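Protein chains in written order, with the numbering used here: chain S, 14 to 362; chain W, 14 to 362; chain G, 14 to 362; chain F, 14 to 362.
If you are wondering where the hints come from, they were derived from the structure by calculation, not from laboratory data. Check the hints yourself; a few may be wrong.
Since the list gives no way to pick out one identical chain from another, each pair is judged satisfied if it fits inside one copy or across any two copies.
[To be verified] Below are the BS3-like pairs computed for lysine-lysine, each with C-alpha atoms no more than 27 Å apart in a straight line: (1) 289 - 175; (2) 317 - 51; (3) 175 - 51; (4) 50 - 317; (5) 205 - 317; (6) 330 - 50; (7) 330 - 51; (8) 330 - 175; (9) 330 - 289; (10) 330 - 205; (11) 317 - 175; (12) 51 - 289; (13) 175 - 50; (14) 330 - 317; (15) 289 - 205; (16) 50 - 289; (17) 289 - 317.
Every value quoted in this text rests on a predicted model; they were computed, and no experiment measured them.
Listed here are the chains, written in short residue letters.
4 protein chains.
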Amino acid sequence: MIFASDNWSGVHPAISSRLSEQAGGFAPAYGSSEIDKKVENTFNQLFEREVAVFFVGTGTAANSLALASVNRPGGVTFCQREAHMIEDECGAPEFFTHGARLVPVDGDDGKIHPQNLQSEIARFPPDFIHAGQPMAISITQATEIGTVYLVDEIEEIAAIAKDQGLPLHMDGARFANALVALNLSPAEMTWKAGVDIISFGATKNGCWCAEALVFFDPQMARDLPYIRKRAAQLFSKTRFIASQFDAYLNENLWLDLARHANAMAQRLRQGITRSKNARLGWQTITNEVFCIISRPLACQLQQKGVIFHEWNPPRSKPDLIGDAEILIRLVTSFSTQPGHVDQFIELLG
Amino acid sequence: MIFASDNWSGVHPAISSRLSEQAGGFAPAYGSSEIDKKVENTFNQLFEREVAVFFVGTGTAANSLALASVNRPGGVTFCQREAHMIEDECGAPEFFTHGARLVPVDGDDGKIHPQNLQSEIARFPPDFIHAGQPMAISITQATEIGTVYLVDEIEEIAAIAKDQGLPLHMDGARFANALVALNLSPAEMTWKAGVDIISFGATKNGCWCAEALVFFDPQMARDLPYIRKRAAQLFSKTRFIASQFDAYLNENLWLDLARHANAMAQRLRQGITRSKNARLGWQTITNEVFCIISRPLACQLQQKGVIFHEWNPPRSKPDLIGDAEILIRLVTSFSTQPGHVDQFIELLG
Amino acid sequence: MIFASDNWSGVHPAISSRLSEQAGGFAPAYGSSEIDKKVENTFNQLFEREVAVFFVGTGTAANSLALASVNRPGGVTFCQREAHMIEDECGAPEFFTHGARLVPVDGDDGKIHPQNLQSEIARFPPDFIHAGQPMAISITQATEIGTVYLVDEIEEIAAIAKDQGLPLHMDGARFANALVALNLSPAEMTWKAGVDIISFGATKNGCWCAEALVFFDPQMARDLPYIRKRAAQLFSKTRFIASQFDAYLNENLWLDLARHANAMAQRLRQGITRSKNARLGWQTITNEVFCIISRPLACQLQQKGVIFHEWNPPRSKPDLIGDAEILIRLVTSFSTQPGHVDQFIELLG
Amino acid sequence: MIFASDNWSGVHPAISSRLSEQAGGFAPAYGSSEIDKKVENTFNQLFEREVAVFFVGTGTAANSLALASVNRPGGVTFCQREAHMIEDECGAPEFFTHGARLVPVDGDDGKIHPQNLQSEIARFPPDFIHAGQPMAISITQATEIGTVYLVDEIEEIAAIAKDQGLPLHMDGARFANALVALNLSPAEMTWKAGVDIISFGATKNGCWCAEALVFFDPQMARDLPYIRKRAAQLFSKTRFIASQFDAYLNENLWLDLARHANAMAQRLRQGITRSKNARLGWQTITNEVFCIISRPLACQLQQKGVIFHEWNPPRSKPDLIGDAEILIRLVTSFSTQPGHVDQFIELLG
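If we strip away everything but chain S, and leave its shape as in the complex, we get (with noise of 0.2 Å):
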């Protein structure tokens, strides 16, 4: 019973078996390769317009030379204050900026709140160069806590970021579990709503190391070359990522794992409504469930051989919880198992 991540999970078979398919033979290193070729191509068909797109080994890569691509001298991005980018790269975003900073912005359910935005933003006025200068907003997509932007709220932040000159960074992270559990397509969750750069996340949605830095305006991305090998990124036998998208994004396979992964997240959620051991703590829309139990039972719980995190309650929800509680939360992935989560329903009683 592994809720702890959704990077517990190794890699689907599919993906494996593309994977050992190239094993053999020679083919140019670099990004040189036919099935590097066939690959971008694929990412143009996705988001129906021709995009610049860049594979990178990790998320905290993909994030963080976005982030560099739009670099500013005492440049200051903004993102919610829960953002993965803040609370768990280790300053990865400041260090490939050499020094950027990251301004946090509260808002409800993991999103930006626009009004909150404004009002930071309203923090560095034009030309009062000592407090530095915006220089992008990025919002994850899925929120770390699980939740997702609607499209009109995605337009209304593009809109605020357009009106200030800056570019829209999409973490899409778990981009498969919010696109499904919206109903939308690759384009209209990001360009058509304003988005400008996305971190496309395939990793935690059943590849071994599958990351890409997706750009709408190939010319935003003109240093991007020099940018990823100088980073250490520009890896020399790419085929290794590119086949793991091939297979992944073949016959929306990555959609059927996402919506499996969100549908076990459901699973819980009714079996958690139904527990008078546990609530919770707010909704579930993707592939997390965050649920609050007491103490000893989640001792019980791990000992009986569920593995999941404690979380730190939103610095919005201070009263979440009660003293002798705590929150946790459960991630389920393409590879959870219905019979696993039944069995972790009953062991919560």
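Given chain S, work out where chains W, G and F should sit, using these hints.
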């Protein structure tokens, strides 16, 4: 007939299989899985002592983080003039060290000459802060031009390093090829000869993407976990690197693969020696053969499907080639077949 | 009637004279002259122990290099939410530390509250590398809003720092103003209370450009000569900074100047207290007075030649001002005359 | 008899006086004062066009921020092998550009040879990302060894720069000495010959601390205000730099001071030419004289109070000195007196 680079090869079947076997199930992320621990222990045995080992995604990452771990303000690292870190990493070592400089040291055969090393170090007298301060010495084994340092040559450089209080790094992108050429144990070619840190490469010798940064003094690596994470090189599903190493290092597969690559290079060398249309640039020791041919012949070979790179003559050999000649590099790998070599030699005439 | 900032003042005649006296002749460059050495010794006497002192050009440089000297990968420095390093240095501290983060800590009166500090530190558990690692605590004395830490308040923060193994830095841009307000010796307000490094500012209190970075443990500063030079802060004719300090620290001139500035602030405070058109934002302790007036009155004052800055109310005091009101900051300096204050108070009505 | 460096001199009385005059009263901080504006306008007149000018504290800062303003990922800047940026700035240019590399270009007389420049640039073919990408060319005028580029030499390098789309920077730490030696106008020696950015130094020629970064295309400097502030080079009381420039540039004082320094160098040259115990290393054009003497004589001179630096022979002149000889550098300045020179020549014998 692909002799462009050993990174044009794919992956050895035994490594591919091990990866597939690991695809299912769940495992702790970020380096905590059983296979991660198992492989860490394999490295201890390999080097006959306790080492600190860190998996990263590229050789450039390994080299850059090695320098980052010993970084000093105004630091300079001494390496051979044609070193990969200088010529082919797009400034990554400087980037990850925030501007520490690579100082080129001349020497024949792709190797640092100890006397030149001492002259260069002497340009940075203690307490003359304007020049900066020495921070490391880096050698490449096998070198960029396929030659190797003998043990006593490593020891001589290590003695200078020790005398200056500088750590000695070895870029081992082709570590295995050097090791079998010299018929040494990993310990003999590294710490027993005075090396402190190695970039242990496996990608060029049969893996998809498997590089390890190895410290013989774990204390020197105490900040590396943060350095690696901040550098976006901490993969979530590290199993995918560990599994490759697990198969690679099993039952001496890695040495067998390197022996095969080196043998293919010798087969090339012999053919070239017999040819009246080509001559060797210098001795062939590992899996790189450098030879001089006429430009028209080079074109003919390419038209017939031979793939190789033209190479800049080393600065120490300005008279190596004639006016209508070019220097070419032929690289063999674990997947080079004798038939490919023989076909090439036949075309050479 | 200039109350915009103490850096709108010029230079005290005694300091200007000393500078002129030093103008002739020759002296060793880069910090080796006799007056450099003399002033270094003055700092030893001032702090009643041997210190390592480095002259730099700006307060931002002093703060940034202080952090650079204790830099760690993924490092975070804790400072008060409204600290100058966060609000007014355009990302310099992050730049000079290659992306180390400044974590804002809440607290009343412009000061870090120890309990909040501990909560924030607790968000960085040892070995949880994803979050980064604590590297320093920084306090400002006097604070950005003119208040001061009492000795036992410094000691309380220093105890946390010591417990966590973190160096404690003090941004002393207005060190003298705090010192005379508290009637302490330099040693009492710093190392005797647990401070490790200070940015010792003199520019705001009567110099042209004289800032010193002082380390109480010289060993902590062993790389500072390189850090300073690489930061382009090693002046060739350091005499010009040393001479300013020589006059500044002579016969307690610096304390007299700070006492005058503070007295002018008290004179302002008294006038405001008597006025029916203004009220104090909070207590006046050093040379900054914050008061609340109506927006129309602010305009009238400006039209009559009063220069001051509007100020954002501290986030901890969101209800400080009414709808038609603004908070203004009035800063006095060594060159503020009683007549200026009285004239302002008269205009205030 | 101080010939160690022109930065051992102090400040010219006219400059010191102007500084004292500005000491009183109040003025807007951070570059907004009247004298700041006045001097900015003086620069426009000086260069016969509108320029963007930024005061900074050191020559290293000017050079480093010049490169930072044209920074590119994986960028390389071409400069003469013995350039100050390479030899004497402790890695500051690399630091402020986050690791952009300085590529040494050989050439006689301390100058970049155009053909060598083209060979070095050719090592960075477009789109070969592994090598990095050219980002700037930098020349030093007068050079580190006291020679100068003639206008047509500058034009030849500028033509290469233009052809490659690279900005041309001039390190003008001794700008005035070159200008009067060549009898050119500032415009003729810079933008009319194709220079884009200059580090305009005044410290070595009679100021305390006055360096300016001048852009002939203000658009190229649009981020410089942020770059400078983030680099801790925005002084609060910028009057102190502006005042120095105000006096320095007034009624051609700066040219008179440089003419004096150069004349003192000629006086030295003549004495050396007459001496049987010394010979010139190369021609004397500005305010640096290089000569070769025996080691015993050097010791005698030092014992008698002559201060100078031993100098490494240029790599292009390995046979310049004999076994028992040394090369010494003698630098004159605005404050060198004829009597000092004559006394030295007499000691030389």
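query = Using 27 Å as the alpha-carbon threshold, which applies to residue 330 and residue 50: within, between, both, or neither?
reply = Cα proximity of residue 330 and residue 50: none, with 47 Å in one copy and 39 Å across.
Homomeric proximity label, residue 317 with residue 51: Cα distance no greater than 27 Å = Only across copies: residue 317 and residue 51 sit 26 Å apart there, 47 Å inside one copy, limit 27 Å.
inquiry  = Please sort residue 289 with residue 205 into within, between, both or neither, judging by C-alpha distance up to 27 Å.
reply    = neither (44 Å within a copy, 57 Å between copies)
request  = Could you place residue 175 and residue 50 in one of the four classes (within, between, both, neither) given a Cα distance threshold of 27 Å?
outcome  = For residue 175 and residue 50, the Cα distance exceeds 27 Å both inside one copy (32 Å) and across copies (34 Å).
message = Checking an output row: residue 330 and residue 51, CA cutoff 27 Å. Within, between, both or neither?
response = neither (46 Å within a copy, 42 Å between copies)
task = Measure nothing new, just compare the shortest in-copy and cross-copy C-alpha distances for residue 51 and residue 289 to 27 Å and report within, between, both or neither.
result = neither (52 Å within a copy, 42 Å between copies)
ask   = Within a copy, between copies, both or neither: where do residue 50 and residue 317 come within 27 Å Cα-Cα?
value = Close across copies (24 Å), not inside one copy (48 Å); limit 27 Å.
query = Is it within, between, both or neither when you check residue 205 against residue 317 at 27 Å Cα-Cα?
reply = Classified as neither; 47 Å inside a copy, 48 Å across copies.
Same-copy or cross-copy closeness of residue 175 to residue 51 [CA-CA at most 27 Å] = neither (33 Å within a copy, 38 Å between copies)
Intra/inter-copy verdict for residue 50 and residue 289 if alpha-carbon distance must be at most 27 Å = neither (54 Å within a copy, 40 Å between copies)
task = Go through the copies and call it for residue 289 and residue 317: within, between, both or neither, with a Cα cutoff of 27 Å.
result = within (19 Å within a copy, 70 Å between copies)
task = Pop the pair residue 330 and residue 175 into one bin, within, between, both or neither, using alpha-carbon distances up to 27 Å.
result = neither (31 Å within a copy, 32 Å between copies)
Consistency note: the structure conflicts with the earlier hints numbered 1, 3, 5, 6, 7, 8, 10, 11, 12, 13, 14, 15 and 16.
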